[in-house]
Amino acid sequence: MPGKTPDKEPVENGGYRGGKDIADKDLKTKGKKASKKDDDDEMTVVVPPSKTQKPSSAPPPNDPEGDVAMDDTEGEPKADPVAQTINDIKSDFAHLDRAVALFDARFTLRALRSISSIRKRLTPDILAQVIAETYAPASAGAPFAKQMLQAIGRPDVSLGRQLGQEMDIDSEPKAAGGKTGAKKEAKEAIPEVDVFLGILTQVLLHDAKQVRRGFDFSQLLVERIRSLNRRTLDSLAAKVYFYYSLFAEQTAPLPPSPQSPAVSIRPTLLAALRTAVLRKDVDTQAAVIVLLLRSYLSTSHISQADLLVSHTQFPENAANNQVARFLYYLGRTRAIQLRYTEAHEHLTAATRKAPSSACALGFSQTATKLLLVVELLMGDIPDRATFRQPTMETALRPYFLLVQAVRVGNLEDFETIIADHADTFRRDGTYTLILRLRQNVIKTGIRMMSLSYSRISLRDICIRLHLGSEETAEYIVAKAIRDGVIEATLDREKGFMKSKEVGDVYATREPGEAFHDRIRACLALHDESVKAMRFPMNQHRLELKNAQEAREREREMAKEIQEGELDEDDLGGDFDAM
Amino acid sequence: MADRELATLLARLKSSSAALPYPETTALLSRAKLLLLQLNALTPSPTSPPALLALARDIYEQGALASIRNRDAPGFTRYVAQLRPFYELQRHGGGGGRDDGERNKITGLYLLLLLTQGLYGEFHSELEALAGEGGLDEVEGDRYLGYPIRLERWLMEGSYDRVWKAMKRGEVPCEEFGVFSEILTSQIRSEIASSSERAYPSLPLASTKSLLFLDSEGAVVEFARTRGWAVRDGTIYFPDAAGASAAGETADKEKELSLMVVENTLGYARQLETIV
Numbered sequence: 257m258p259g260k261t262p263d264k265e266p267v268e269n270g271g272y273r274g275g276k277d278i279a280d281k282d283l284k285t286k287g288k289k290a291s292k293k294d295d296d297d298e299m300t301v302v303v304p305p306s307k308t309q310k311p312s313s314a315p316p317p318n319d320p321e322g323d324v325a326m327d328d329t330e331g332e333p334k335a336d337p338v339a340q341t342i343n344d345i346k347s348d349f350a351h352l353d354r355a356v357a358l359f360d361a362r363f364t365l366r367a368l369r370s371i372s373s374i375r376k377r378l379t380p381d382i383l384a385q386v387i388a389e390t391y392a393p394a395s396a397g398a399p400f401a402k403q404m405l406q407a408i409g410r411p412d413v414s415l416g417r418q419l420g421q422e423m424d425i426d427s428e429p430k431a432a433g434g435k436t437g438a439k440k441e442a443k444e445a446i447p448e449v450d451v452f453l454g455i456l457t458q459v460l461l462h463d464a465k466q467v468r469r470g471f472d473f474s475q476l477l478v479e480r481i482r483s484l485n486r487r488t489l490d491s492l493a494a495k496v497y498f499y500y501s502l503f504a505e506q507t508a509p510l511p512p513s514p515q516s517p518a519v520s521i522r523p524t525l526l527a528a529l530r531t532a533v534l535r536k537d538v539d540t541q542a543a544v545i546v547l548l549l550r551s552y553l554s555t556s557h558i559s560q561a562d563l564l565v566s567h568t569q570f571p572e573n574a575a576n577n578q579v580a581r582f583l584y585y586l587g588r589t590r591a592i593q594l595r596y597t598e599a600h601e602h603l604t605a606a607t608r609k610a611p612s613s614a615c616a617l618g619f620s621q622t623a624t625k626l627l628l629v630v631e632l633l634m635g636d637i638p639d640r641a642t643f644r645q646p647t648m649e650t651a652l653r654p655y656f657l658l659v660q661a662v663r664v665g666n667l668e669d670f671e672t673i674i675a676d677h678a679d680t681f682r683r684d685g686t687y688t689l690i691l692r693l694r695q696n697v698i699k700t701g702i703r704m705m706s707l708s709y710s711r712i713s714l715r716d717i718c719i720r721l722h723l724g725s726e727e728t729a730e731y732i733v734a735k736a737i738r739d740g741v742i743e744a745t746l747d748r749e750k751g752f753m754k755s756k757e758v759g760d761v762y763a764t765r766e767p768g769e770a771f772h773d774r775i776r777a778c779l780a781l782h783d784e785s786v787k788a789m790r791f792p793m794n795q796h797r798l799e800l801k802n803a804q805e806a807r808e809r810e811r812e813m814a815k816e817i818q819e820g821e822l823d824e825d826d827l828g829g830d831f832d833a834m
Numbered sequence: 005m006a007d008r009e010l011a012t013l014l015a016r017l018k019s020s021s022a023a024l025p026y027p028e029t030t031a032l033l034s035r036a037k038l039l040l041l042q043l044n045a046l047t048p049s050p051t052s053p054p055a056l057l058a059l060a061r062d063i064y065e066q067g068a069l070a071s072i073r074n075r076d077a078p079g080f081t082r083y084v085a086q087l088r089p090f091y092e093l094q095r096h097g098g099g100g101g102r103d104d105g106e107r108n109k110i111t112g113l114y115l116l117l118l119l120t121q122g123l124y125g126e127f128h129s130e131l132e133a134l135a136g137e138g139g140l141d142e143v144e145g146d147r148y149l150g151y152p153i154r155l156e157r158w159l160m161e162g163s164y165d166r167v168w169k170a171m172k173r174g175e176v177p178c179e180e181f182g183v184f185s186e187i188l189t190s191q192i193r194s195e196i197a198s199s200s201e202r203a204y205p206s207l208p209l210a211s212t213k214s215l216l217f218l219d220s221e222g223a224v225v226e227f228a229r230t231r232g233w234a235v236r237d238g239t240i241y242f243p244d245a246a247g248a249s250a251a252g253e254t255a256d257k258e259k260e261l262s263l264m265v266v267e268n269t270l271g272y273a274r275q276l277e278t279i280v
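First to last, the sequence lines map onto chains A and B. Residues in the first sequence are numbered from 257 upward in steps of one, following the working numbering. Residues in the second sequence are numbered from 5 upward in steps of one, following the working numbering.
So that you can see chain B by itself, here it is in the shape it has in the complex (with noise of 0.2 Å):
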């Protein structure tokens, strides 16, 4: 009776959860939770059946989807953690044979959460236990799985350039993904600004907006204020930052090395003490 009433949950959060709004697809999902757990099929377990199990991960999936789709990362994370025991287990030749679902979706999109959020160290873990089940070419080749790879290597080099063509010539492999693209957008600008304070002295207006993907030259100026740079006709100056302080800090780096010169020689003595 139950999976049954599921199922039909199911197909409703599949045909229509795109344009249902947020609220609604939870309720949607908590009352499918709810039926779950009355069938004891909350979390996974060797022996419940394999046909409940996929239509428990299929629940989850939507849920995690929708979630994505309404920008509500910790609910998305939640979703994840719900998930991987179902994949675990399926792995284990469980259930459902080789349907693997959206997994790769899914873990796809999980990592692009990670890099959004700056966790390159879960990004990372995540990564290894991919390469360590499939061998990382097949990784990378993936349609899902490889965006969002490619794109931490090019963020890591620097290449923004090709992080930003990635995000916008659609080359994004799916709606969802695209979600994450207006965050990495602004994360790639401020990286941008932050390293061309450092590299260049002043740079044009004109160079500067299409140097930070942005679409006209009055927004450039509005991005200048909120970074604090000075726009003088129709040129950007960098606050010298380096230059202005250095002045000041070499007579106090004198000072504090010749202190940690003293302070070091008399640790060696104190030490050289105890020896003889």
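Here chain A stands alone, though its shape is the one from the complex (with noise of 0.2 Å):
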């Protein structure tokens, strides 16, 4: 029980510190979602308003004057803008150098995460000075530095500058800011420091558009990476190569074209896979498997992105976000080969995994979407509170008024609805799939019939699902009744459908079958929740104490009663002598 106390506090701090991550990740994930998604950008302009205003917050760094809009979007009179960022990249690099020097990823993740609040102050300027600051000009980094000042546009500002710009600024922040300025002067900057800074460079070009530049940087920073063999580097390799496929994306011929760059990476994307896996990259494994998956499927090469999944092993443990990504574009392969059962459970666990926060709204519109296309394909009829939800609602429109027909079983309305909204599903790629659905329409509307009428004639169900003639009406029942929509048979001679008597659904096995699911669902909640609790990382070392401590006061005790039972020993032998 003592020990309780002092085990709890770890955890807590370890849980608080997870939830910081996520929402972190989030708020990098709205960037990225919101145009990694091309189609959720798009719906993000069409649809909900409540959106609208989201990625305009998200991609506020596009201001290049960052320093006047910096001030209303804070709305704190802080110091200075300008020396704040830059103290806050420096002091991302001192979290590096400690990563280097402790071995210990949480220190690069922290810096990565601090850049989604850099990212909305940084401008050329600042990102040309600290680089200006951090390398010598006869460094063994100046060529590269060199090549990022060239790609934010600032090629003329020498390496090696002294703080004066900033010295007339501030005083203040100037002097911490100064220090350990002149710190990583003495000496080298790691190549951690430079991939960063390379990272910053991108999410610069790419808050300001500068796509073609920014694909020639990534490609030159991608080589640089490959060149390094270095662990820590692992999880900025990882993003390094997230923006690099991002750039190659948006460049000129976009995806389904050819010869979009986005096919023309896949080489490098595949070498990068391989070079991972064998160096148990966890991050970049799990980064360039979802990338890949995302450039097969924009140029719907289904089956390289089925190959791709079956010869990959995605890592067990790796980020929320890249799990959520990668059950998304798998649910979505399934769902083209028509194995719905598999693509429900990888979307409903996409859409469960996915951050729950606003800022990655468009994903989880994409996944749901696509879920609720995949549940009507199944015959399932999705839920009515999934349309409730604010920030879906207006997404979720045309989708809505689909389940709405397929549900009544009206022919007419899902055909007129998916003229009146084809250009929507087209974005969103479901629309081949929402075409499948045509037969489940049918099957509706005959199982509706069958269950409001004991007998129907086959030309009556003919006029109210238009179908061609009663002769198509008779085949498309009869194949309703052997796949066991609807409980009925057909007379021939007097053209009609006769249902049969429905069963109660109680007398089946089906309620208990239902109940027993739900119980397992509680039970495995219930031992994943075991599994996923935290303990602190020195407690069993406290535990251990306590167990010596323990067993030396057994030893004690043994042998204290070893001596007692020598005593009785010895008393028993008196005995036996007496």
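To be clear, the hints were calculated from the coordinates, so they are not data collected in a lab. You may find that some hints are simply not true.
[Said to hold, decoys possible] Dumping the calculated SDA-like pairs for lysine to any residue here, alpha-carbon to alpha-carbon at most 20 Å: (1) Lys-754/A to Asp-256/B; (2) Lys-750/A to Leu-216/B; (3) Lys-750/A to Leu-263/B; (4) Lys-259/B to Gly-768/A; (5) Lys-213/B to Gly-751/A; (6) Lys-259/B to Glu-671/A; (7) Lys-754/A to Asp-739/A; (8) Lys-213/B to Ser-725/A; (9) Lys-754/A to Pro-205/B.
Bring the two chains, given one by one in their own frames, into a single complex with the hints.
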């Protein structure tokens, strides 16, 4: 019991950090996702008012004159945004240094997480200044630094510049910044810092929509990463690849065209994947698999995507966001291959794993849309509550109408909805899937009729469902009966369908099975929560100490007993003797 | 030298492949492939000259069509696989300009093949790729590609009569597509038969004939025998599979149900123990 209190604190601490981690990553996903999925981006433009403000908050760094705009977005009278940002970036260098020194990836992650907050304040000038202060003109990193400066359009900034500019602005932050800066210059910048600055450059270029330049620079950066073999670079490399493929996707011939750079970077990504697997570099592995899947799906290479999935193993302990994306792409592949049950499973997991905060809304929406269509294809009717969520309502509107048509089994409505919203569905990439729904609509229609009428003529069915002829209706109904959609018989001579009495569901094993499923889900949840519990690092040592003490005590006791026993033995001996 | 010989081979294949017996065609084709190998154009690369690419593609196309005519499905699948990089390369803008060759025809045939083999997953993957590059409406409007797509939709719906009509009344886009009609006919016939077994208690022979698209009542009786249906006084009685086994099943079911309940409850108890 006394061990309870100390062990609680670190758990909470860890939990808190975890929570922040997710939140921060979300911030990043927001930017990524919003731009990552073109359709989402368009979605945001077309639909929800709640969302339109969101992306606008995502890329405010678009504004190159960050200084002015910054003050009102921040809304707080901080010392000086420029100096503050520079300090932030520099403090990340410290994190990276520690990460390398202690070989602890957590510090790298911390630095990466801060990108999202730096991003809003980042301008080419700030970055140029940091680069200039980090690299000495003669250092090994200088050529690379030059490339970065080139990329952000400040090629005339000379390296190794002293902090003169900063001096004029403010004296207080300069003191701190100056010290760290001076220290940095004393020693060579480590490759992690190079790459980190490279990522910042990528972010900057991406926000400034300089796609072409960003792509060229990313290629340089990727090459540089490939030439380095440092485990501390892993999570940074994952990020670099992410932006690399993002730029590739947005460069001139857009993805569906086979000339798009998104296609031509595949060999690079595959090579990166191979290296990552060999080095057990989980971050890069997860990121690159997701990027490759995305690339394949963007050009509709379904079989390649399928092969990739079957020949690789997605790392189990990948970051949550990567898992969510992976599941989404996997679900999409499976849906196209008509493996709806699997697709449903993956997509449900994806929507659940998607960050719940508003910033990854685009992903949730896209995943939910696909999930809805898959549910319909499986013959289920999605939950009404899905459409009521305020963040989803507008975006899901066409799908809502679609579900209504399918639920009622009204073929006419169904066709008009498809025609009306064809563009939306096409943009969402669900159009071909939705076209497959036609048969489901017919089936539902037949089921509704079978439930409402005990006997109905084929002619009426034909009219209701707008089928071509009675013959067609007959075949369709016969197929529905065989597929177990309805319980009925056909009478050919008189030309009607006679429904069988509907059995009592509660007499079957159905309720028992449903109950069992739920219980099982709860138990699995319990098991998983137990497994997911985290215990503080050094707790076992404490316990070990306790155990050791206990053992010592035991030993003492044993000794005593032994002595006692000896006495007893002696006594026994005495007794025997007596 | 080799390419000129190739061109003559191709001309011969094109002009007379329908009349030529299959072994002879394959002999010609393998010679052509050897020549291609010499010219280093067996598999396409962006550097090979466009004229040669077009030549190689035409050879493969002829091979694909020949194998379809002779009902050689694995051979056809191989040719399609070989043709795919050519088509991909072509869309890169590399070779041949906008000359698509027989691309749609081959792809349509391939789709139909997948359909007859029941490989719906592959069918839809292929379709998705087509829709991805050229818009679905355009694909559906195409003479060769639209046909298998429509067939698939009708098959899924169960509008067998439409499939039947599409196969009969000269709606088949070209003779190679007709090859599949036979396979499809027997396929939908067995589909209809299995649905009828469940849907009707009994059927008069005359209506069964039209239902199954058979030519005579004799054929119906023949067909009924293969499916194991009883024919009495001009009426077919379907074996009442569900009814017969239902009585015996209920008792079994009852037992099974209670067993399941016991098992589950025991499981819950055990799990509860671990929690508490």
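Verification of the supplied hints:
1. A hinted pair counts as satisfied when its Cα atoms are at most 20 Å apart, and Lys-754/A with Asp-256/B does not qualify at roughly 29 Å.
2. The straight-line distance between the Cα atoms of Lys-750/A and Leu-216/B is roughly 19 Å, inside the 20 Å bound, and the hint therefore holds.
3. At most 20 Å may separate the alpha-carbon atoms for a hinted pair to count; Lys-750/A and Leu-263/B exceed this at roughly 45 Å.
4. Using a Cα cut-off of 20 Å, the hinted pair Lys-259/B and Gly-768/A holds, with the two alpha carbons roughly 14 Å apart.
5. Between the alpha carbons of Lys-213/B and Gly-751/A the distance comes to roughly 16 Å, so the proposed pair stays at or under 20 Å and holds.
6. For a cut-off of 20 Å, the pair hint linking Lys-259/B to Glu-671/A is broken: about 48 Å separates their Cα positions.
7. For the hint linking Lys-754/A to Asp-739/A, the alpha-carbon distance of about 16 Å falls within 20 Å, and the restraint holds.
8. Between Lys-213/B and Ser-725/A, the direct Cα distance comes to roughly 18 Å. Compliance with the 20 Å bound is thereby established for this hinted pair.
9. Restraint check: the Cα-Cα separation between Lys-754/A and Pro-205/B comes to about 11 Å, which is no more than 20 Å; the hinted pair holds.
In this structure, the hints that do not hold are numbers 1, 3, 6, in rising order.
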